[in-house]
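Peer 1: This is what each chain is made of:
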Amino acid sequence: MKILIVEDEISLADDIKVYLSSHKTNCETVADVKNALEKVSLYSYDCIILDIGLPDGTGFRVLEHLREIKKADGVIIISAKGSLEDKIRGLEIGADDYITKPFHLAELAVRVLAVVRRRQFRGYNSQEVGHLTFYLTEQEVRYKGILMNLTPSEFRILHYFIASPNKVHSKTALAEYLLGEQSDFVDGHQLVYTHIKNLKKKLNEVGCPEYIRTVYGSGYKFQIQ
Amino acid sequence: MKLLNKSFKPFSWFTLFVMLVSIPLFYFTSQYIYIQDTSESLLIARTKLEDRINMLTESEYTTEEILLLLNQLDVGYALKKLKPGDKIPADSIYTISRFDEYHGHVEPFRVLESVIWIRNTPYWLKIEMDMDEYHDVIPYTALLAGLFFLLIVLGYILINRRISGEVWRPFLTMLDDLEKHTITSGSWMPKMDSDIEEFEKLSQILKGFIERNRLIFQKQKEFTENASHELQTPLALLQSKVDVLFQTEGLTEEQSNLLDEIKQIGSRMNKVNSNLLLLVKIENKQFDKGETFSLQESVHFVIKSFQEWAKAKNIEIRYESVHQIKVSGNKILTETAIQNLVKNAIHYNTDPGTIDIRLDASSLVITNTSFIPELDKSKVFNRFYKFKAGQMSSGLGLAILKEICEFHGWRPDYSYNEDQHCFTIHF
Numbered sequence: 000m001k002i003l004i005v006e007d008e009i010s011l012a013d014d015i016k017v018y019l020s021s022h023k024t025n026c027e028t029v030a031d032v033k034n035a036l037e038k039v040s041l042y043s044y045d046c047i048i049l050d051i052g053l054p055d056g057t058g059f060r061v062l063e064h065l066r067e068i069k070k071a072d073g074v075i076i077i078s079a080k081g082s083l084e085d086k087i088r089g090l091e092i093g094a095d096d097y098i099t100k101p102f103h104l105a106e107l108a109v110r111v112l113a114v115v116r117r118r119q120f121r122g123y124n125s126q127e128v129g130h131l132t133f134y135l136t137e138q139e140v141r142y143k144g145i146l147m148n149l150t151p152s153e154f155r156i157l158h159y160f161i162a163s164p165n166k167v168h169s170k171t172a173l174a175e176y177l178l179g180e181q182s183d184f185v186d187g188h189q190l191v192y193t194h195i196k197n198l199k200k201k202l203n204e205v206g207c208p209e210y211i212r213t214v215y216g217s218g219y220k221f222q223i224q
Numbered sequence: 000m001k002l003l004n005k006s007f008k009p010f011s012w013f014t015l016f017v018m019l020v021s022i023p024l025f026y027f028t029s030q031y032i033y034i035q036d037t038s039e040s041l042l043i044a045r046t047k048l049e050d051r052i053n054m055l056t057e058s059e060y061t062t063e064e065i066l067l068l069l070n071q072l073d074v075g076y077a078l079k080k081l082k083p084g085d086k087i088p089a090d091s092i093y094t095i096s097r098f099d100e101y102h103g104h105v106e107p108f109r110v111l112e113s114v115i116w117i118r119n120t121p122y123w124l125k126i127e128m129d130m131d132e133y134h135d136v137i138p139y140t141a142l143l144a145g146l147f148f149l150l151i152v153l154g155y156i157l158i159n160r161r162i163s164g165e166v167w168r169p170f171l172t173m174l175d176d177l178e179k180h181t182i183t184s185g186s187w188m189p190k191m192d193s194d195i196e197e198f199e200k201l202s203q204i205l206k207g208f209i210e211r212n213r214l215i216f217q218k219q220k221e222f223t224e225n226a227s228h229e230l231q232t233p234l235a236l237l238q239s240k241v242d243v244l245f246q247t248e249g250l251t252e253e254q255s256n257l258l259d260e261i262k263q264i265g266s267r268m269n270k271v272n273s274n275l276l277l278l279v280k281i282e283n284k285q286f287d288k289g290e291t292f293s294l295q296e297s298v299h300f301v302i303k304s305f306q307e308w309a310k311a312k313n314i315e316i317r318y319e320s321v322h323q324i325k326v327s328g329n330k331i332l333t334e335t336a337i338q339n340l341v342k343n344a345i346h347y348n349t350d351p352g353t354i355d356i357r358l359d360a361s362s363l364v365i366t367n368t369s370f371i372p373e374l375d376k377s378k379v380f381n382r383f384y385k386f387k388a389g390q391m392s393s394g395l396g397l398a399i400l401k402e403i404c405e406f407h408g409w410r411p412d413y414s415y416n417e418d419q420h421c422f423t424i425h426f
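Order-wise, the sequence lines are chains P and V.
If you use numbering that gives the first Met the number 0, the first sequence corresponds to residues 0 to 224, in order.
If you use numbering that gives the first Met the number 0, the second sequence corresponds to residues 0 to 426, in order.
Please note that the accuracy of each hint is not assured.
[What the hints assert, rightly or not] Part of the chain P face toward chain V, derived, beta carbon under 10 Å:
(1) Ile-15
(2) Val-17
(3) Glu-180
(4) Gly-187
For the record, the hints were derived by calculation from the structure and aren't laboratory data.
These numbers were taken from a predicted model, which means no experiment stands behind them.
Every residue, glycine too, gets a C-beta built ideally from N, C-alpha and C.
Using the sequences provided together with the hints, build the complete structure.
Peer 2: Here it is, written out as structure tokens:
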């Protein structure tokens, strides 16, 4: 999987790159419109993470160029907080999704996965992770063919995990993902704790190995052994 | 009290006072002058009489004849021969009141008692002069003064009305405009169509004030907006650094917990920041309010998004709405307002607890149980109002609600009864 990160804040671009890179995912970064246009003209990406405010123009120019040269790369816009116009304009020009600064990297990973899946598997939407099969449209998960009886929240948490496997996830980011930005941390943590406990139990019941592990006391990790 | 009445009132009192003082003053002055004049006339009459009688007795009449005639005529003169050896009395002049048959009522008389010499013989003379004016001057002066007072007051009222109509009109118009003006209502300038120097000066000063205020307000908004925007990148970096740091090998539990707390702090800063930005944007009227949407659906959408959290806290949300209610405004803002209310209702609720949401054509009422006591109604919608220190909230949720309500022309309200907090939006 190839991802292009267009972000003028080098430090942030590097973090995104480090976080999203894996043996299956290759990330490239550029910091301005000129280089971004060059890259998208030469190569195809599964997903382009596009900042709007760039030193030599706006990210919209990259989007427009992509459409002109009829490329179907997935695009996620990183928009400034509260600029609704940016979101609307971006989606109109053909962006797949948007995320507002600041964001949790795991949240970005979920968006990237969703965009990539939408682009790659039009209509049929399933993904194999270890012995687990995710049916995204139906919101179902099967372990070796056995249907797991998951609540919508538990499904969302599993989906969150597979978007960035082998990563340690903080309770806080998970709670915000589940309850929304405005939620309360104490309640959120409690909820995450309860859901993970139930999720582990359900995975255990169908005979799934311990894919979800609690690390350092306050984080969770999804790992296929 | 209106300005015109304010100046009118003391003026009237003053006029009344002057009038009241002037009536007796006028009366006594004229009385004094009159008495003086009468006394003078009496003395002249005495001398005249003395000279004439002396002249007459030289030729035609005897003193006795004149005496008899004068006393019997009784037209105010009495003459009496002093006996030899009698002491010659000094002149006396005084006023008496007695009935006079010719006047038909009691009259004041000025009387002079004096001694005249006829052919070197002293005679005692008494002259009376009636003072009829004495009677009539009082009522007439009073009447006239009253009349003048009435005339002055009436005149003043009429002039006042004309002044307020013509001279003060531009001032009053400007006052009205000024009352309607708010700092957010754009660049209105006070207009003053008047040739009065003070008014023009006032209008100039006001223009200056308003313009300066507008600029300060504009700058403040710009500053908030810029500051918020500029904070977004460092906040994003903070979040991403922690995310990356979280992935490093060999973290201890303590370090991991600390990192999670840093993430929370980052989230809190982000909330304050984005709420501030939202406030500025609402103030700037950067939102369109031309949409028509179903309130019922908006409330439903918000409840659904919080269902998970509510369930985790064992809070029962009861939603009751009468019928399909459409409003026009901004859907996203309206949902943000409802979201803030429901969020608070969950956040500050007891476990277990209840939230009652009632929607009808005129209002949305959210009532909930809570562990916190009654809030200060006068401050609850203020920015950064916290019912106690150290809260995790941004302190802006209800201020945003108020701002959104004002944007739509709605009215937020808070009440507390039977241990339940109740927030209402009146449409």
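Peer 1: Decide, hint by hint, whether the structure agrees.
Peer 2: Hint by hint, here is what the structure shows:
| no. | hint | in the structure |
| --- | --- | --- |
| 1 | Ile-15 | holds (7 Å) |
| 2 | Val-17 | holds (6 Å) |
| 3 | Glu-180 | holds (7 Å) |
| 4 | Gly-187 | holds (8 Å) |
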